[in-house]
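Chemist: Produce the entire structure from the sequences given, and follow the hints as far as they go.
Protein chains in written order, with the working numbering: chain U, 1 to 227; chain B, 1001 to 1256; chain X, 2001 to 2429.
Since the hints were derived computationally from the structure, they do not count as laboratory data. Just so we're clear, the structure is a prediction, and the values are computed from it rather than from any experiment. Cβ atoms here follow ideal geometry from the backbone N, Cα and C, with glycine treated the same way. This list has only true hints and no planted wrong ones.
Pairs of lysine-lysine, DSS-like flavour, derived with a Cα cap of 25 Å: (1) Lys-2242/X / Lys-1067/B; (2) Lys-1243/B / Lys-150/U; (3) Lys-1246/B / Lys-150/U; (4) Lys-1199/B / Lys-1219/B; (5) Lys-2244/X / Lys-1021/B; (6) Lys-1246/B / Lys-10/U; (7) Lys-2324/X / Lys-1103/B.
Negatives, chain X to chain B, calculated, CB over 12 Å: (8) Phe-2025; (9) Phe-2055; (10) Asp-2104; (11) Lys-2160; (12) Leu-2222; (13) Gly-2277; (14) Glu-2393.
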Amino acid sequence: MSDEHEHIVKSFSEDLIQLKNMILKMAGLVENQLQLSLDSILKHDSKDCVKIIKSDKEIDELHINIQNYVERIITLRQPISLDLRNVLAAMQIARELERVGDLAVNIAKRAIIITQHAKIDKLYDLEEYTIITKNVLREALDAYVENDLKMARKVWDKDDLIDDLYAKIFKQLLELMNNDKKIATPAAHLSFAIKNIERIGDHSTNIAEDISFILTADRNMHMSNKD
Amino acid sequence: MIKNDNIKITTNDLCVFYDEKQALFDVNISINEKETTALIGPSGCGKSTLLRCFNRMNDTIENCVVKGNINIDNANVNNPEIDVVQLRTKIGMVFQKPNPFPKSIFDNVAYGPKIHGMAKNKLELEEIVEKSLKQAGLWSEVKDRLSQPGTSLSGGQQQRLCIARAIAVRPEIILMDEPCSALDPIATANIEELMDELKKEFTIIIVTHNMQQAARVSKNTAFFHLGKLIELGPTDQIFTNPKLEKTQDYITGRYG
Amino acid sequence: MNRILSKSQNIENSTNKRHRKEKRFKSLCLGAVIVAILFLIILLSSLAYKGLSGFTKTTIQIPIYFNEEIIDPENTRDIAVINKASFRKIFKQSLLQKFPEAKDNRKMYRNISKIFSRGSTYLLKKMVLDDISLIGKTINVDLISSSTIDQLRKNNINIKVPESDRPVSDATLKIYDQLNTEGVIKKRLNFSFFKYGDSRNPEEAGILGALLGSMFTLIITLLLSFPIGVLTAIYLEEFAPKNKFTYFIEININNLAAVPSIVFGLLGLAIFLNFFGLPRSVPLTGGLVLTLMTLPTVIISSRASLKAVPPTIREAALGLGASKLQAVFNHVVPSAAPGMFTGTIIGMARALGETAPLLLMGMVAFIVEVPTSIFDPATVLPAQIYLWADSPERGFVEKTSAAIIVLVLFLIIMNSLAIWLRRKFEVRW
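Modeler: Here is the structure:
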């Protein structure tokens, strides 16, 4: 859309780019954090967990910076229409990312406990589940960078896949727990972790909806699916 | 889209020429009764020209030719047989720069009713003046100095005096040509508040360069570009999600 | 040095240069103003120096015996009889009584009688006609001196030069000295300067004729040029379509303003005198010619003041449903009126000072009678000044300056009126 058109006031465009860069920086930190926490679960290795928990502080700071920056843009530039949606969505996306970061920390905390027990095998879909979740988040952020409504819609569509996988893995985990009562503790923690992963999928969907809001002024992707 | 149940003005393929130069191209616009319609667009886009078509002010410009129909209450006013004097009693106008006559405040407001013989005697005239000044929110500020010259008021007061002068003739439509462009923000807010009151009784058409103002005061907004009506729609839609990229570019300050 | 004020050498040089230029220009302007004021002071002071004495006259008091034998021997007290009586004899008798030594000396008598104005006998007659009871009495009368004696008293005659080189003979000088020691020679305010028309005798010449002539002429000019000029301006500025024809008219009006006034005189001569056969030398025709000359000024200044009325005022009135005529006459013209008045008065002031066109209308003429209407022959102030300046008598020199003072006063009054009108009716936007 109008992004190839510059604002007459160039510093306004620069402000918007700067906001986007802040979001991307935050996204990079969050993605990295998520990657490490998912790896901890998959590789049954807690060596990065403390680092993950500590890095959350940095993400929170970035989140606050983005909020302040948005307030500044709204006050000084008084954006309307597309620009206003861009700024409002940026605030939303930052919030989603902050939540994803929190969830990654939660997963890392679970991983610390899980890795104190024997690794639970036979969860064959777990790896695919984590990869899909990571990819969906990546795609959502790519869609944000590219202002790509189609990609956002794909992200939105993939949420069902994540939900299905979650249900499947949860069922498997319940079966394993029934078969072997000894794994109850790590399995319980793992079930929370996979629930957290599923929540990350939801946040990615929210980001996709924010992109839709920016580009079409409509959060409802059912509707926009039709045209 | 705009609801079409109470249309006051419509134009059909309205074209305006200044000599060889065409200022308006086939404009078809409809304006609702007792609502505020804002006309926005870059300078020279024809919005003021359109405004001046409604009360035939373009007649005063010698080389100006207006083609097409302007229907007000289903009568084509762009018809040489229409008496412009009568038409202008029906359509008041407020200008960009406050332009009170160099006469007393009272005489400023009383001039219209006087020339149209709207008051039988002095008492009636005084009533009209008081009512108009009250409606323009100026009465309390000037009631003790009605005999002072209108030019002694502040800019915002002068503009409200001009509005009082316009509504003293009891028009149905008020045309406003950038009425706040010469005023400070407080005076502007006063005028905007006044417009909010006036729209209960009058159909208001306002030309403004201030998009925030258009957004604040109007129910419908029309965007003009290079003499063409690009987009007409409810103000909230125009300012949140216009249909056309040209409108979007203009309202977000990307117009190049 | 403050960092914000430190500049590169180039900029500093150029600013210094600019400042110097500005100073130079200012001092040049000031110099021009000073020169202008200096000239004005020289003009006014020389006028005052030469002219103020023109407002005084010299009188010589001598006893006059209104001999009944000469005036009215039959004691009829009939005005017709008195009118026919020889007051020259009365005058002579009284003079000889005062100067008995001149009784048989014809030359000496002529010298003595020459110190009095030639109009003295008329004055005596007038006194008797006003008061018949004077007949038979002897009364001290202040007789107006001749112009030469007047000049002598005003020290305008150098008595040190040889007798042949000055207008007063030694004998006259002797008589003057004798009278002066008696204390009968007095200085009076010359009210008759404002009471009478022109005369061949400087001591009797007055300005009233020219003053009234100017007034009548200006009234005609004002009555014609103001309405015609203003209406033309209003039409051209507000109503006329802007096409080649009106453009042509506009250019011609502007050109007319630059036409030398003598040309208007020729035009007036051809049209008013030769074609319409209007009378010569009268304020009516003079006023008509001056109207022709003043019209362009009035039209141009009126148009300028109409143009200065902001178009928003017209729009405001039209927007309220006023007709074009209402908009123009209710709002535009009242706002432009001060400018129109000013322009008209300045045009009138120009007309007041004009001689050239009137020359051809026969208004630069020696006219003794004071005009009573616009159909009486008259002259005008500047023409009077020209005529007097052209006269060789020393007495007319101060009359010329006095008349100039009157003219300048008139101009000052008219210009002040213009300024006052503009101040009073000026509209501030």
